Amino acid sequence: MITPEAIRKLAELSALSVSSADEAVYAQQLTQVLDYMDVLRQHTPLDARISWPIHKETHTRSDHAVNLNGELPQGFHRTRDGFPVPKISTAQS
Amino acid sequence: MNTITSYLNSNQGCRDTVDSILNTIRSDEHNAVVGTYDHLAAQLADYYDATQSDRPFAGVPIAIKDNLCIQNELVTCGSQILSGYHSPYTATAVQKLLDAGFIPICRTNMDEFAMGSSNETSVYGPVKNPVNPTRVPGGSSGGSAAVVAANLVPAALGSDTGGSIRQPAAFCGIVGLKPTYGRVSRYGLVAFASSLDQIGPMTHTVSDAAALFSVIAGHDPSDATTIEKPVPKLTLNTEQSIQSLAGKRIGVPTALLSDSVIHPEIIQAIRNVLDQLANAGADIIELDMQFFDEAVATYYILAPAEAASNLSRFDGVRYGYRNSQAQTMQTMMQTTRETGFGHEVKRRIMLGNYVLSSGYYDAYYGKAQIMRGELCQQYTKVFESVDAIVSPTTPTTAFELGAHLDPLQMYLADIATIPVNLAGVPAISIPCGTDSQQLPIGLQITGNWFDEAGLLTIAHGIEGLLS
Amino acid sequence: MTPSGIYKNYELVVGLEIHVQLDTNSKLFCCAAAGGSNQPNDHVGAVSLGLPGALPVLNEQAVQYAIMAGLALGCAIQETSVFARKHYFYPDLPKGYQISQYDQPLCLNGHIQLSDGKKIGITRIHMEEDAGKLVHQGASGLAGSSGSLVDLNRAGIPLIEIVSEPDIRTPQEARQYMEKVHEIVRFIGVCDGDLEKGSFRCDANVSVRPVGTTQFGTRTETKNLNSFRSVEQAIQHEFHRQVDALLAGETIVQQTRHYDDATGTTTALRTKEEAHDYRYFPDPDLKPLVVTTATVDAIQQTLPELPDAVRSRYKTEYALPDNAIEVLIQDRNLYQLFNDCQACIQTTPLPELAKWLVGPIQSLLKTQSPNTHFSPSDIAWLLDECASGKLSKTMVKDVLEQLKPGMTAQELVNQQGGGQISDQSELVGLVQSVMAENPDVVKKIQDGKVASANFLMGQVMKLSQGRAKPDTVRALILEACGVAV
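Chains as they are written, first to last, in my numbering: chain S, 6 to 98; chain R, 46 to 512; chain B, 496 to 980.
Don't read these hints as lab results, they were simulated from the structure.
All figures in this text were calculated on a predicted structure; none of them were measured in a lab.
Any given hint might turn out to be false.
What the hints assert, rightly or not - Among chain R residues calculated to face chain B with C-beta under 10 Å, some are:
| id | residue |
| --- | --- |
| 1 | Asn112 |
| 2 | Leu113 |
| 3 | Leu127 |
| 4 | Tyr130 |
| 5 | Val276 |
| 6 | Ser357 |
| 7 | Val362 |
| 8 | Leu401 |
| 9 | Ser402 |
| 10 | Ser403 |
| 11 | Gly404 |
| 12 | Tyr406 |
Glycine residues also receive a C-beta, built at the ideal position from the N, C-alpha and C atoms.
Required output: the full structure, derived from the provided sequences and hints.
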C-alpha cells in the first residue's frame with residue numbers, strides 16, 4: 006500500500022516536485038501496479054541456472070583519447086567557463 | 046505497396062521523391078511526424094541524383110523514430126525535457142543506414158521516452174492510426190508505424206523494449222521486427238531500459254525488414270552489449286520460403302490462445318494461419334509455456350528501474366529544457382523534471398526508484414532478476430523442440446483514442462510481447478488479416494537467439510502463404 | 496605516540512578511504528582525454544557529458560592499472576567483478592549516477608606493512624569514475640555562493656578506491672599508511688600521486704572507544720584532507736573532539752565533517768545525517784568484468800619490485816646511502832636510469848653510481864628535460880673512465896652537458912682530445928710553459944706562498960682544456976718550485 010507520504014519521499018528521491026493533489030493520484034496508481042507484482046512474490050523460483058546477461062563476454066576499448074571537439078550544437082546551456090547552475094542550497098528541507 | 050525495391054526501381058529523381066514526401070508530410074493528418082530533416086534529406090538527395098553511387102540503397106527514403114540521434118539534428122523522444130536539443134553525434138544504426146545510401150526524411154512521433162503502448166503520451170499529441178483514425182496506432186513506435194502504413198515512406202526505424210515495434214506494427218497492419226538483444230547497437234538510441242531496448246525495422250514486407258536488419262545489425266565497439274556474431278544477409282524467395290516451411294516445428298503457447306486473454310477474433314485469425322502452416326507441411330506443436338503474468342510483473346519492475354536510472358541525466362544542467370526561474374539548484378532540477386516529464390514517465394520513474402530503494406530491492410528487483418533467468422531457461426528448453434513460436438502479437442486490435450485505460454490495464458496488454466524482450470530473443474509481427482471492424486490483426490513469430498535467418502525465412506513463408 | 500591525560504583512556508580507531516586517479520590517456524568509460532585542461536569542458540565526450548544515447552565502454556588500460564595496484568597492495572584479484580550504478584543528483588554528476596563497484600569489487604583482502612612492521616589491512620579496492628568540478632561564484636566556497644559553474648573535464652576519469660580495515664590506531668600510523676600507499680601507486684606507475692592536483696585523495700573514518708573494549712564507536716567521515724600533514728592533524732583533532740564530547744556526556748553523531756587546514760579543525764558539513772539511498776544495481780550497459788588467472792599472472796610478471804623490497808636490496812646488497820635510496824625511489828625516471836646504468840657499468844661501485852645519479856645527473860635531467868642526450872651506456876662508460884682516473888669528475892659533467900644526439904660519450908671525449916692527460920712528460924711540458932709565463936707567481940711560491948700554486952694550476956687547466964690531472968699538476972708545480980710536497 007503506497008501512501009501519499011511514500012510518494013513524497015519517492016518524488017524527492019527522483020528529483021520531482023509533485024503537487025499534493027498528484028501525490029494522492031500517484032499513490033493509488035502505484036499501489037495498483039505493485040499489488041499486481043504479488044504474482045511474482047508468490048512465485049517460488051525453480052532452480053534457474055541461467056541468469057541475465059546470457060552472453061557474458063567482456064568488451065573493452067583501447068586507451069586512445071578522442072574529445073568531442075568543436076562547438077556543441079543547439080540546446081546546450083554551456084558558457085565559456087562551464088555549465089551554469091543556480092546556487093546550491095545547503096539548507097535542510 | 047510501398048517497398049524498398051519500388052524506390053530503387055523508380056524513375057523519379059531522388060530530390061523530387063524527397064520533396065514530394067516532405068510535401069505530403071506537411072499535410073499529414075495522422076500527427077505521425079514531429080520534425081523533418083529538410084536540409085539533410087535535400088543534401089543527400091541532390092548527391093545521389095548527381096552521383097552514380099554503388100551504395101545498395103542509394104536514395105531510398107526512411108523515417109527515423111524521435112529517440113535516435115542524428116548529428117546536429119533535433120532529438121526529443123516525444124518529451125518537453127529535450128526541447129531544443131540537437132545531438133552532437135549520430136547513432137550507429139542510423140550511420141549504417143546513411144552508409145548504405147538511405148535518406149532519413151523525418152522524425153516520427155512516439156510515446157514519451159518510449160513509455161507507452163498507444164502513442165498518446167507524446168508532448169506532440171497522439172498519433173492517429175492510418176487504417177482507422179479514431180484508433181490508436183499502438184506504441185511506443187506509433188509514428189513510425191503510421192508513416193509506413195500511410196505509405197509516406199517504405200520503411201521506418203523503431204525501438205522495442207516491451208513490444209514497441211511489434212504492437213504498433215500489429216495495430217497498423219505492417220511488419221515490425223525486434224532483433225535479438227545485442228544484434229543492433231544502441232549507441233545513439235536514447236535509453237529507456239538498457240537491458241531490453243533494441244532498434245528494429247518497420248516495413249510493409251518481410252524481405253524489406255530482412256534487408257534493413259542486415260544493414261543495421263553488427264557488433265559495435267561503442268556498445269559493450271553488442272555481440273560479435275556475423276550478420277546474415279538474406280535473399281528471400283517466396284517459393285523457397287514457403288517450401289521450407291515443410292518439416293518446420295512451429296510451437297504455439299496454448300496460454301496465448303485462451304479467450305480469457307486474447308480476443309476470439311484474433312484467436313480465429315491465428316488458428317487460420319496455423320491451419321495453413323499445417324497444410325504447408327509444418328508440424329504444429331502445442332506448448333505449455335508458463336509465467337506470462339509473472340513476465341509482465343517482471344518487466345514492470347525491471348524496465349521502470351532501468352528507466353528511472355537512465356532518465357536521471359535529464360536535470361536541466363547541460364542541455365534541453367530548464368526552468369531558469371528557479372532560485373536554487375535543487376529546485377531547478379526538481380521543477381525542470383516535474384514540468385519536463387509527462388505523467389506516465391513520472392509514474393515509471395517513481396515506480397522504478399521504489400523497487401530499487403533499499404529495503405525493497407530484494408523483494409522486487411531481486412525476484413525479477415531470478416524470474417528473468419527462469420524465462421530464459423524456458424525459452425532455451427522450448428527451442429530444443431521447436432524452430433519458432435507463433436502467437437498473437439496483441440490481445441486486442443487497435444483500441445480507441447482516448448480510451449483512457451488505467452496504467453495496469455495498459456501494461457497487461459503487452460502480455461504476448463514482453464517475454465520476448467526479457468529473454469532477448471528475436472521476434473517479428475506480420476499482418477494476418479483483419480477483424481470484423483477491418484482493424485489489422487498481428488501474428489507474432491518468435492525465434493531462437495541469433496536465429497534471425499531462420500525466423501525471417503519462416504515469416505517470409507507465412508507471409509507468402511497469406512498473400 | 497600514545498595519548499596523554501584524559502585521552503589515554505580512549506582508543507582511536509581509523510580507517511582510510513583513498514581515491515587514486517589512474518594515469519590513463521582516456522577516461523574510464525568515455526574516450527575523452529583523461530588529463531587536465533585549462534579550458535573548462537574541453538576533455539569531454541558523449542558519455543562524460545551524460546548525453547542521451549551515450550554508452551559506457553570499459554578502458555582496458557584502466558583495468559590493467561587497477562589490477563597492478565591490487566597486486567602491489569597484496570590483494571586477491573576477483574575473477575568476476577560487477578559495475579554498479581550509484582544514484583544521486585548533483586550538477587557535477589552528468590548521468591545522475593556514478594558507475595562504481597558495489598558488492599562485487601575487483602580486489603579484496605590486501606595489506607601493507609608500515610616501517611615498524613605493523614600490518615594495515617586493506618578491505619577492498621574497486622574501480623569507479625571521478626565526478627566533475629564545481630566552481631562556485633560570488634564566494635570562496637559553496638556557502639554564500641550565488642551560483643556555480645560546472646566543469647566536466649574531471650568527470651569520468653578512472654579512479655580506484657582503496658578502503659583500509661579500521662586497523663589504524665594513531666594519527667602517525669594514518670599518515671604513514673597514506674604515504675606508503677602513495678609511494679607504491681606512484682612507484683608502479685599507475686598514478687602520478689599529485690596531491691595538489693587531486694590525483695590522490697584521502698578521507699578518514701574516525702571513531703573512538705574506551706581502551707579495552709572491542710565494540711566500534713560511531714564513526715565520522717572527514718573530508719578535504721589535501722596533504723599528508725592534514726591527515727595527521729585532522730585525525731588528531733577529531734580524536735580529541737570525540738573524546739571531549741563523550742566525556743561531556745554527548746553522543747557522537749554519524750556525519751560527514753570538513754577539515755579546515757587553516758584552523759586545523761573539523762566542522763560538520765550537514766547538521767543532520769542525510770542517509771543517501773544510492774539504489775545500487777548492476778549497470779545493464781556493461782557486462783561483468785571477468786579477469787582470468789592467466790591475465791593476473793601476466794600482469795604480476797610485469798609488476799616492478801616494490802619500494803620496500805628495493806630499499807632493502809639497495810641497502811643490504813648494494814650498500815647505497817640512505818638518502819640516495821629515497822631519491823631513487825621517489826623519482827621513477829632516476830630509478831629506471833639506475834637500473835639501466837647498473838646493467839652497463841663495469842668497475843664503478845654502485846654507491847658511486849647512485850651519488851652521481853641523485854646529484855649532478857638529476858640536475859642535468861631537470862635542465863635538459865624533456866630530451867636528454869646521454870644514454871645509460873654513456874653514463875656507465877664515463878663513470879668507469881672516471882673510476883680508472885682517465886677522466887676527471889669535471890670532465891664527466893662537461894661531457895654529459897655537451898653531448899648531442901647521435902653521438903656517444905666515448906666519441907665526444909675522443910673528439911676533444913681523449914680524456915685526462917696522464918702522460919707525465921706532457922704534463923711537465925704544460926707546467927713548465929705556464930711557469931715560464933708567470934715568473935712573478937713562481938717567485939711567490941718559492942718565497943713560501945704555497946697557495947699561489949692554485950693560480951698556476953688554473954692556468955695549466957686552461958691550457959690543457961681541463962684535461963690535466965689536478966693533483967699531479969699541483970705536485971709538479973710545487974716540485975718545480977722546490978717546495979716540499
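Hint check:
The interface hint given for Asn112(R) holds, since its Cβ lies 8 Å from the closest Cβ of chain B, which is under the 10 Å cut-off. Using the Cβ-Cβ criterion of 10 Å, the hint placing Leu113(R) at the interface with chain B is satisfied: the shortest such distance is roughly 8 Å. For Leu127(R), the suggested interface contact is upheld, since its CB lies about 7 Å from the closest CB of chain B, less than 10 Å. With 10 Å as the threshold, the beta carbon of Tyr130(R) comes within range of chain B, its nearest partner Cβ sitting at about 7 Å, so the hint holds.
Residue-level restraint check for Val276(R) is violated (minimum Cβ-Cβ distance to chain B is 20 Å; threshold 10 Å). Nearest Cβ of chain B to the Cβ of Ser357(R): about 3 Å, under the 10 Å cut. The hint holds. Among the interface hints, the one on Val362(R) holds; its C-beta lies about 5 Å from the nearest C-beta in chain B, closer than the 10 Å criterion. Satisfaction of the interface hint for Leu401(R) is found here, the shortest Cβ-Cβ separation to chain B being roughly 4 Å, below the 10 Å cut-off.
Of the supplied interface hints, the one on Ser402(R) holds, with its beta-carbon coming within about 5 Å of a beta-carbon of chain B, less than 10 Å. Proximity of Ser403(R) to chain B holds as hinted, the smallest CB-CB distance being about 5 Å (cut-off 10 Å). The interface hint given for Gly404(R) holds, since its Cβ lies 9 Å from the closest Cβ of chain B, which is under the 10 Å cut-off. Given the 10 Å rule on beta carbons, the hint for Tyr406(R) holds: about 7 Å separates it from the nearest Cβ of chain B.
Hint check: a violation occurs at hint 5 only; the rest are consistent with the structure.
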